[in-house]
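If you want the building blocks of each chain, they are given just below.
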Amino acid sequence: MTRRLSIIVVEKDRDRAVMIVDGLREAGDHDVLVIADELGLARRISERNPDLVLIDAGNPSRDAIEELTLASAPLQRPVAMFVDESDGALTQAAIEAGVSAYVVAGLSANRIKPVLDAAIARFHLMQKMRVELAETRRALEERKVIDRAKGIVMRAKGIGEDEAYALMRKAAMDQGRKLAEVALALVTAAELLK
Amino acid sequence: MTVTLRLGFLPLVDAAPLIVAEAMGFAEEEGLALDLVAAPSWSASRDLLSIGEVTAAQMLAPVPVALALGLGSPARFEVLSVLNLNGNAIGVSTALAARMRDHDFALSDARDAGLALLAAAGQRLRIGVPFAFSMHNELVRYWLEGLGQTLPESLEIVTVPPPLMPDALAAGEVDAFCVGEPRGSVAVERGAGVLLLPTSAIWAAAPEKVLAARAGWAEQDPELAGRLIRALWRAGRWLGQGANLTVAGEVLAARLGVSAEVVERSLTGRLVIAADGAERVVPGFLRFDGGAAGFPWRSQAAWIGARLARRHGLDAMQAQTVAAQVFRSDIYRLHLGPAGADLPAASAKVEGSLAEPTPVASSRGRLILPPDRFYDAQVFDPGLAG
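Line by line, the protein sequences give chains A and B.
Under my numbering, the first residue of the first sequence carries the number 1, and numbering increases by one thereafter.
Under my numbering, the first residue of the second sequence carries the number 1, and numbering increases by one thereafter.
Any given hint could turn out to be false.
The calculated label-pair distances, taken between Cβ atoms and stated as ranges, are [as the list claims (entries may be wrong)]:
{"#": "1", "chain 1": "B", "residue 1": "VAL3", "chain 2": "A", "residue 2": "GLY151", "range": "45 to 51 angstroms"}
{"#": "2", "chain 1": "B", "residue 1": "PRO152", "chain 2": "A", "residue 2": "ARG48", "range": "36 to 42 angstroms"}
{"#": "3", "chain 1": "B", "residue 1": "GLY277", "chain 2": "A", "residue 2": "GLU191", "range": "35 to 41 angstroms"}
Rather than coming from a laboratory, the hints here were simulated on the basis of the structure.
Glycine included, C-beta positions come from ideal geometry on N, C-alpha and C.
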């Protein structure tokens with residue numbers, strides 16, 4: 001039986017941290033610790049002496065972890081950056097998913113792989129959720145602008161809702177622009193003419 | 001035809017040559033569109049360049065040297081030009097500043113400032129720098145070691161991502177820091193720190209950020225590399241003219257998310273050092289141009305290599321030789337000679353030997369090198385011929 005891996009996840013956002021930890025649990029019975037407070041990060045990590053550190057590639061605190069790759073004191077285990085490892089496809093997948101992994105030197109690749117696969121899957125999922133959330137927000141914003149523009153056209157031309165909408169659709173198609181763009185132009189122009 | 005180049009950078013004042021090259025048309029003149037990719041950290045920027053997400057990047061001068069020495073990651077980079085000299089400031093927490101009341105905070109004498117810091121710090125001194133391989137780290141160490149004092153046993157120089165520096169100071173995680181602008185001014189504005197010393201007072205002409213590319217790129221695509229090097233060189237020259245600094249302040253402020261007033265402090269060298277508004281003028285605080293500022297001297301790289309070798313237990317002479325090859329003064333010459341740059345006749349010099357502006361042999365005969373003294377009057381002779 002192999003020893004449990006000691007894994008540190010650096011993540012401030014509680015919901016995201018929970019998602020990552022859940023994903024890692026599915027990959028095996030590992031000892032997972034979340035560090036949310038980034039002050040003194042390198043010290044906290046080296047005190048814990050983990051096998052693996054996972055951190056969002058966009059987190060500025062990555063630079064503090066880099067220091068651990070240089071650890072030279074006798075009791076410290078040097079930490080290698082995962083992009084150093086020979087498994088190119090896995091590295092590429094990690095970069096695309098936006099996760100950086102720091103692995104203690106000497107840990108065998110087949111012990112890391114299931115954990116990293118799980119982490120990558122979770123980071124992908126989170127990325128997808130972020131994109132969807134942004135998409136939903138944008139759609140909602142566009143809806144609001146289109147409704148306002150429709151109101152302006154209705155008042156200006158004394159026409160009904162459906163007719164105003166059709167008029168805007170036609171203008172958009174004629175100009176090869178998106179309906180939301182035409183609506184925004186209308187709203188902006190109306191603001192100016194107020 | 002316009003070619004789009006993706007370049008990595010960190011949102012700092014000394015990313016100015018990249019930002020100005022794009023905003024003021026120097027890139028366009030060379031048929032380039034610059035897609036500037038803001039990296040969240042130096043390690044992320046290094047990885048972006050390493051995997052080819054960006055073609056070239058603004059980089060801390062020691063990073064390419066460290067990589068060549070096998071420190072940090074298997075990537076291999078080359079330095080095509082120096083983007084700026086100097087530009088960092090050392091500051092102390094407000095608590096530590098309060099214990100330094102006898103010091104004048106003149107920001108001019110590194111020895112005075114260092115002794116005052118050690119006296120006030122007592123047995124505990126932890127200093128935050130942005131990255132393990134940075135001039136911040138090298139210059140802080142050089143400064144403290146050169147004071148000839150017994151350093152506190154607990155002295156620690158640790159990496160703190162600059163955006164977190166004000167919080168780290170407030171929490172007592174660090175007592176002092178060395179950061180680039182606008183980070184130092186932001187720490188002052190937030191009442192977290194007081195500026196103590198510009199790094200230009202430690203070494204008057206220290207290479208700070210460089211233009212780095214993957215090893216071999218500039219020779220595989222010399223035409224494109226030439227266009228990029230020239231565009232950034234012209235942006236640097238533009239930044240060197242005082243009359244342009246107001247516009248530069250506005251352009252940079254928009255990119256960096258701080259006010260133009262804060263950006264202008266470092267561009268003009270008029271630093272606000274404390275929350276009460278006290279000001280100090282530091283000539284040469286941050287330099288983009290003049291005296292072959294952009295020239296990647298082999299001797300600068302050798303100095304960095306020697307310092308890294310000492311700390312990481314590598315052979316010093318060998319490290320200097322390897323390091324010197326990372327700063328590609330030959331590529332710089334190839335592309336900027338025909339463009340009209342006044343290039344020095346030599347590619348290496350004895351660093352720290354100039355106390356006064358000094359005329360030197362150059363391609364156009366008008367090159368005057370600015371003072372490049374170390375505060376302790378040491379000189380560094382890399383023993384590199386030519």
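We went through each hint and held it up to the structure:
Evaluation of the 45 to 51 angstroms hint for B:VAL3 and A:GLY151 yields a pass: the beta carbon distance comes to about 46 angstroms. B:PRO152 and A:ARG48 have their C-beta atoms about 26 angstroms apart, which leaves the hinted 36 to 42 angstroms range violated. At about 39 angstroms, the CB distance of B:GLY277 to A:GLU191 agrees with the hint of 35 to 41 angstroms.
Checked against the numbered hints above, the structure breaks only hint 2 and satisfies the rest.
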